[in-house]
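Start from chain A and add chain B according to the hints.
As you go down the protein sequences, you meet chains A and B in turn.
Numbering-wise, the numbering used here puts 243 at position 243 of the first sequence, and it's gapless, one number per residue.
Counting the second sequence from 1 gives a position; the numbering used here is that position plus 266.
In case anyone wonders, no lab produced these hints; they're calculated from the structure.
Beta carbons: idealized from backbone N, C-alpha and C, even for Gly.
Incorrect hints may have been included.
To be verified - Quick list of in silico lysine-lysine cross-link-like pairs, DSBU-like style, CA-CA up to 35 Å:
1) A:Lys130 x A:Lys191
2) A:Lys72 x A:Lys191
3) A:Lys83 x A:Lys130
4) A:Lys72 x A:Lys83
5) B:Lys305 x A:Lys72
6) A:Lys130 x B:Lys305
Stated by the list, open to error - If the Cβ cut is set under 8 Å, some of the chain B residues that face chain A in the computed set are:
7) Tyr446
8) Glu448
9) Leu527
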Amino acid sequence: MTVTLVADRSTEAEATRIASPLAVRGLTVSYGQTPAIFSVDMTVRAGAMTAIVGPNGAGKSTLLKAALQVVKPLAGTVTVFGKPLAQMRDRIAYVPQRASVDWDFPTRVIDVVLMGMYRQLGLLGRVRAKHRAQAMDALSRVGMTDFATRQIGQLSGGQQQRVFLARALAQDADIYVLDEPFAGVDAATEKAIIAVLQDLRDTGRTVLAVHHDLVTVPDYFDDVVLLNTQVIAAGPVETVFTEANLQAAYGGRLTTARVDPESAAG
Amino acid sequence: MLADALLLQLGYNATLVTLGAALLGMAAGVAGTFLFLRKRALVSDAISHATLPGVGLAFVLMVAMGGDGRWLPGLLLGAAVSATVGLLCVQWLTTRTRLGEDAAIGAILSVFFGLGIVILTVIQTMTAGRQAGLEGFLLGSTAGMLRSDAILLAVASAAVLGLVLILRRPLELAAFDPGYAEATGWSLGRIDLAMMGIVLVVTVVGLKVVGLILIVALLIVPAVTARFWTDRASHVVMIAGVVGGVSGYVGAATSAIAPALPTGPIVVLVGFALFAASLLLSPGRGVLASVLVHRRYQRRVHMRQGLLALAQGQPIFEALTRRLMHRAGLILPDGVATPEGQAAASKALLDETRWSIVRADQSFAAAAIRYDGLTPIEDVLTPDQLRDVDLRIAAPQVVP
Chain A
1 MTVTLVADRS TEAEATRIAS PLAVRGLTVS YGQTPAIFSV DMTVRAGAMT
51 AIVGPNGAGK STLLKAALQV VKPLAGTVTV FGKPLAQMRD RIAYVPQRAS
101 VDWDFPTRVI DVVLMGMYRQ LGLLGRVRAK HRAQAMDALS RVGMTDFATR
151 QIGQLSGGQQ QRVFLARALA QDADIYVLDE PFAGVDAATE KAIIAVLQDL
201 RDTGRTVLAV HHDLVTVPDY FDDVVLLNTQ VIAAGPVETV FTEANLQAAY
251 GGRLTTARVD PESAAG
Chain B
267 MLADALLLQL GYNATLVTLG AALLGMAAGV AGTFLFLRKR ALVSDAISHA
317 TLPGVGLAFV LMVAMGGDGR WLPGLLLGAA VSATVGLLCV QWLTTRTRLG
367 EDAAIGAILS VFFGLGIVIL TVIQTMTAGR QAGLEGFLLG STAGMLRSDA
417 ILLAVASAAV LGLVLILRRP LELAAFDPGY AEATGWSLGR IDLAMMGIVL
467 VVTVVGLKVV GLILIVALLI VPAVTARFWT DRASHVVMIA GVVGGVSGYV
517 GAATSAIAPA LPTGPIVVLV GFALFAASLL LSPGRGVLAS VLVHRRYQRR
567 VHMRQGLLAL AQGQPIFEAL TRRLMHRAGL ILPDGVATPE GQAAASKALL
617 DETRWSIVRA DQSFAAAAIR YDGLTPIEDV LTPDQLRDVD LRIAAPQVVP
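Chain A on its own, in the form it takes in the complex:
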């Protein structure tokens, strides 16, 4: 992974990009005239857990959304194992921010998990016993089996996050992209989620998550992308997650970010 703003066009870099489960090049998103992210290159390593870290308003969520083309980028390309994203949608599972949906929506936990299989089911395919079993299996992996028929509004924040993760698990994808999976969840849920993610990694899947708690980055993740509108540094945690790089990404806000992890969210 490179820190330069112009994409490395060497054959070696090209080969890594083709092998990568998610590679973006020159990605720029702008709301109005100010770019939220500018010319971002990111090549996610297969079979690793990567954290996107950066201060408030650094464009972390925007980078995820643009990489999945939920937000339309101004410029840039996204490839999944070297192929255009549009052909590879079913290889990616996305866990949006919990706050992005209306939890009073009339639906039950099991129904939300089944939504993860709508692509597989198509428009008219019947939900069969094996689909239900797959959904229940996903729920049991996040410890939510007992809540299957609850209305989603009755869940706590941590439980809602687990349901979202279960929906992604039901998709049985190769790449799991999570937007702030630990925001506002209880300690037990955080532990449960990280166990599931590490299990995914250990079975060869790739995990990419926006993360706001700097303290836990070395414990949870293998790679890190430090973002502040542009990529400040990216690579393995041991080499990239340094005081100097953090200082460069956070500027004067680093102390606050350390004391209060919540303030680094967004």
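This is chain B only, laid out in the frame that chain A set:
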């Protein structure tokens, strides 16, 4: 007379129109549910008001070409065209300017409606326009509908129902979690386009029955009513279909015996009656249920606090507590405990002591989260666990 109408005894034509209106109500309720869940209910109001200039212009055009001008399919086609223009204007204003959707809806709705009224007024002065009866499009009138009109209504409504059945999954996904829908490869733009197309069809074919001012009610009221009765989107859709169908049926049947009454308001009032009943009586989300649940909970809290006060030999101050406990035979009017009261009080105190041990012990964490100050601990712990807890109470330092 009304009974005859409701039982479809008013002749072939009236029967056909009534059934058509019922089908329209179903289609509107079902389509409107997704609009309501997507929180874009008011867009349908802009669409319906934007039909009026199209109706007027289509009439003028048909008269100019030497026709009768009242040919319903022609008028509806005009309505559809101008409603599409209105919808595109709303979309454009929302996505390309800094105006919010609410402002865009307000602007388009009023401008198109104003333009429509001007055109209708001009038509009134035309010789050919004297008998136009275009006011029927404002508030709905099933009285003069032909058999062919009713068949058009039924076919379009059936098509809408079929389309919603096919698209139910993307529509549901787009309403609940648009970002996820997009990320998993459903095109949000196309889903929304399909939804608006469906709403447009319902609006246009519903013009003659409900009228453009009130069609929004037929789209929204059934969904809102249905939401009171279920927590599942698929059930909301079905119940909304039934509510809409009943409203359309009763509205059109009433109209058949009282042609002077506009159909739209009757349809809306029937829908409102169902809504009001749901608002009051729904077991889960209804007003009455929540008042009762709150009252019952409040009484349990008062009883519990009263018993604990008794057990600790403290006086009971609150009048409601004393009244409840007296009525239950736990205390005498002067506040002194009866034998039953004393037994219940020491039971409550024991319960509370056991709970405080459970809540302080990490190994009971799963049980401890069920503490609400009211649930008897026997409901939560197994007899074995309870014995374990009681052993700790027996230890001398724990006794209060």
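Given pair status - Lys72 of chain A, Lys305 of chain B, alpha carbons within 35 Å: Within the cut-off at roughly 22 Å; holds.
Pair hint outcome, Lys72 of chain A versus Lys83 of chain A [Cα-Cα no greater than 35 Å]: holds, 18 Å
For a C-alpha distance cap of 35 Å, please report whether Lys130 of chain A and Lys191 of chain A respect it. Judged against 35 Å, a Cα distance of about 29 Å means the pair holds.
Against the 35 Å threshold, does the CA-CA distance of Lys72 of chain A and Lys191 of chain A hold or violate the hint? The given pair, whose Cα atoms are some 34 Å apart, holds under the 35 Å limit.
Hint Tyr446 of chain B vs chain A: min CB-CB distance below 8 Å? Holds: closest Cβ of chain A sits about 6 Å from Tyr446 of chain B, inside 8 Å.
Tell me if the interface restraint on Leu527 of chain B is satisfied: Cβ within less than 8 Å of some Cβ in chain A. This interface hint is violated because 35 Å lies over the 8 Å limit.
Checking one constraint from the list: CA of Lys130 of chain A to CA of Lys305 of chain B, max 35 Å. Satisfied? holds, 33 Å
Given the hinted pair Lys83 of chain A and Lys130 of chain A, is their alpha-carbon gap at most 35 Å? Satisfied, since the Cα-Cα distance of roughly 31 Å is no more than 35 Å.
Can Glu448 of chain B be said to touch chain A, with a Cβ gap under 8 Å? Holds, because the Cβ-Cβ distance from Glu448 of chain B to chain A comes to roughly 5 Å (cut-off 8 Å).
The structure does not agree with numbered hint 9 stated previously, though it agrees with all others.
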